[in-house]
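S.K.: In order, the protein sequence lines correspond to chains D and B.
Going by our numbering, the first sequence opens with residue 1, and the numbers climb by one from there.
Going by our numbering, the second sequence opens with residue 1001, and the numbers climb by one from there.
By construction, these hints were calculated from the structure, which means they are not laboratory data.
Beta carbons: idealized from backbone N, C-alpha and C, even for Gly.
Among these hints, one or two may not hold up.
Said to hold, decoys possible - Chain D stretches covered by chain B per the calculated footprint, using a threshold of three residues with CB under 8 Å from any CB of chain B:
hint : stretch
1    : 22-32
2    : 47-59
3    : 125-139
4    : 212-225
To be verified - If you only want the chain D side, here are some residues facing chain B, beta carbon under 8 Å, derived:
hint : residue
5    : Ile-100
6    : Ile-154
7    : Leu-167
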Amino acid sequence: MSLKKKVWIFGYSKESKMIASSLKDVNFDINIVESNDKNSNDALLDGFKTMVLMDITNDDELEPLGIEPNDYIICVMDDEHLNVFLTLSLRSMCPENEIISISHSIYTTQKLKMAGASKVIDLYQVSANRIHSIFKKPIATKILDSFISSSYDISFGEFTIAKGSCLDGIILENFDFSQYNIILVGVLDWELGDEFIFSTTNISHKLDADDIIVCIGNNNDLEKFEKKLKMSSK
Amino acid sequence: MQNFLVKIAFFLYRSKGYNQTKKFFYDYLENNEKATKHYIDLFFIFLILFSVFDLVHSVKNETPYWIVFVDYYIITTIFIIEYILRLWVHGSTHHIIIREHEKSKFLQTNFSSKDTIKNILLEKWQYIKSPIALIDLIAIIPIYREIRIIRIFKLTRYIRSVKQFFDVLKSKYFELMTLAILLLFVIGVAGVSMYTLEGNINSKINSLLDAFYWALITATTVGYGDISPVSNMGKIISMITAVVGLIIIAFGTSLMVSAFFEKLGEIKDNRIIDEIKKIDNFVIICGYGQMTKMLLREDDFDGKYIIIEKNPDVAKQGAKDGYNIIMDDASKHNVLEKFKNSYSKISLICLVNNDIENIYITLNAKSISKDIMVVARASNASMEKKFKIAGADNVIVPNIAANTMLLTAINNPIMYSAMHSLLSGKNAAYLDEIKVLGYDNIVGKKIADIDFKEYKLLLIGLKRNDDFIFNPNREMVLESDDTLLVMGLKISIEYFHRVIQGSLS
């Protein structure tokens, strides 16, 4: 069985081509679903596993695809009405899955969310956000960019607390992260629900095994910290 | 004499104080781009109104002596000084002398001080004979008290509508001139005929002037009735004059109305441009589409923005939606040049739905001034490079930006939500920049001495002279112009900001 995560991409047009190829680069198992002959041909030529459905709005055709609860679903149909309808059908069929829809307009974003998309990426909003950030927060934007593109020495690190490690059972406030030259950004504490809690809220947290902490720091320092965590848990 | 002139000219040319003083007066008297000139304008408007009020009041009343004194001596003196200053800042005398001197040196002829002085006087004469300067001059002549009512016309300098009215009339100069000559002809013919026909039998017509007066009053359909024809022939002439006059007036009116209608959009746009140019830091957005709407919904730049849209229908819709929008083509040199002034920091965002046009606008902006910051939208990654070559400071590719978000969402869901919050500030954390200014009370303090934890903030880094220092050493001393990168609740950041500015303790 393959350990690769499975991604279903509905629609293979200009945008989804880019998404598919960049997901392929980071080793996902990609499945394209298309109803248009030309687009599905393109997908096949680009070397993707491609299913051709006659009618994407028909549940009887969607069900046999065999989408499993852990798979990712990305809806990038060119037709906005179809994209909303597809999101809705997929949500009713797969209540557990992470469905990410791409939106081309302010009005569709809201509809996609109502239709049950877990995340909606609004092309215009993302760009507008970026322009806003460039003007208002040039430094922060650069730093955040570098986190994603890893072009800079500083990045985010996510650490899962292993049982018996030096952080297991510790009150977060009492731990001095500065000795590792890293900054604690927040924590995902399963006791408090699965929401990400930022360290600036000043709520005292007791860390347990399986909690996830997120830190920023130099890559070297983050690695050192990770090693230290691993060592202590052994 | 010649040497003396040239020496003085060079002295003035080099003198920093002289040039600065002249620039100062120029800015406050003539430079409409100067934001603070507004106050000087208001001061002069007040003086003019005061003076006119005194004149009107004194027609039927006894005016207190101090008012007469202020009006007669102080205001008149101020206006005289104003007139001299305006005359001084118009053109540049020493430049003319230097130019003439260099010309004669180059041609190896004698420097003629006579010609030079003639040129200087000619330049000043250009100013003196302009209508507004003539009004200024008459307003300060103290010979005849009632003539000071002309001061009210000085207001035309400060009322833009008057200038615009004359500009519109100027644009129809030829048509209006033709009509005016026609009207003059009709009045001339009617006046002369009336005088010869009724000059002896009509007791009201005693001179040719009376006849012309009657003709004009009749032709313009005013018809006071103080002079009216008494003979049959006179009545016929009256009827013809009235009808012809009516036609001419109707023509003239429609001509002016259509001229205004044509210029209305331009007048409106120019007003918006004039207003925005007074701001020291503004944004020009090219194209009004979804992205522009989204951007302005996100951040309206405190109203310091202007949209330029080429399509008239779209521009109309934008104005209806309540945005500052003008209808024009941003890829034209003269359109963007209108915004240029010496002190504003201008940013330009190209959001037109067409790469070729966006690149052209980018180049256009950069050719006007390298200092204009350009953020452009490109349709794909290969275009991004072209935009960089054209000089864009930042390029946004919507697809790539969305793609990055999507990848982060799948690969790194925790980071996705963290980043989402960091940028939008929707949850507890907001990443923001705080610029340390010279008068803030944290300048000179060590980082260790500022209890960021108490303010519920996290100091991520510090930017000093283009270098970003991550997790700075706690012994570091803050300096003016540093930028702190902090994370925290929006309200915490705002509170901290107010504390360091000293408005809270």
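S.K.: The structure should be examined with respect to each hint, and the outcome stated for every one.
M.R.: Here is what the structure says about each hint:
1. 22-32: Our answer is that it holds, as 4 residues pass the Cβ test (under 8 Å) against chain B, meeting three.
2. 47-59: violated (count 0)
3. 125-139: Since three or more residues must qualify, the claim that chain B covers the stretch 125-139 of chain D holds, with 15 doing so at under 8 Å.
4. 212-225: holds (count 5)
5. Ile-100: 6 Å, holds
6. Ile-154: Constraint on D/Ile-154 satisfied, holds at 5 Å.
7. Leu-167: With Cβ-Cβ at 17 Å, over 8 Å, it is violated.
Violated hints for the displayed structure, listed by number in ascending order: 2, 7.
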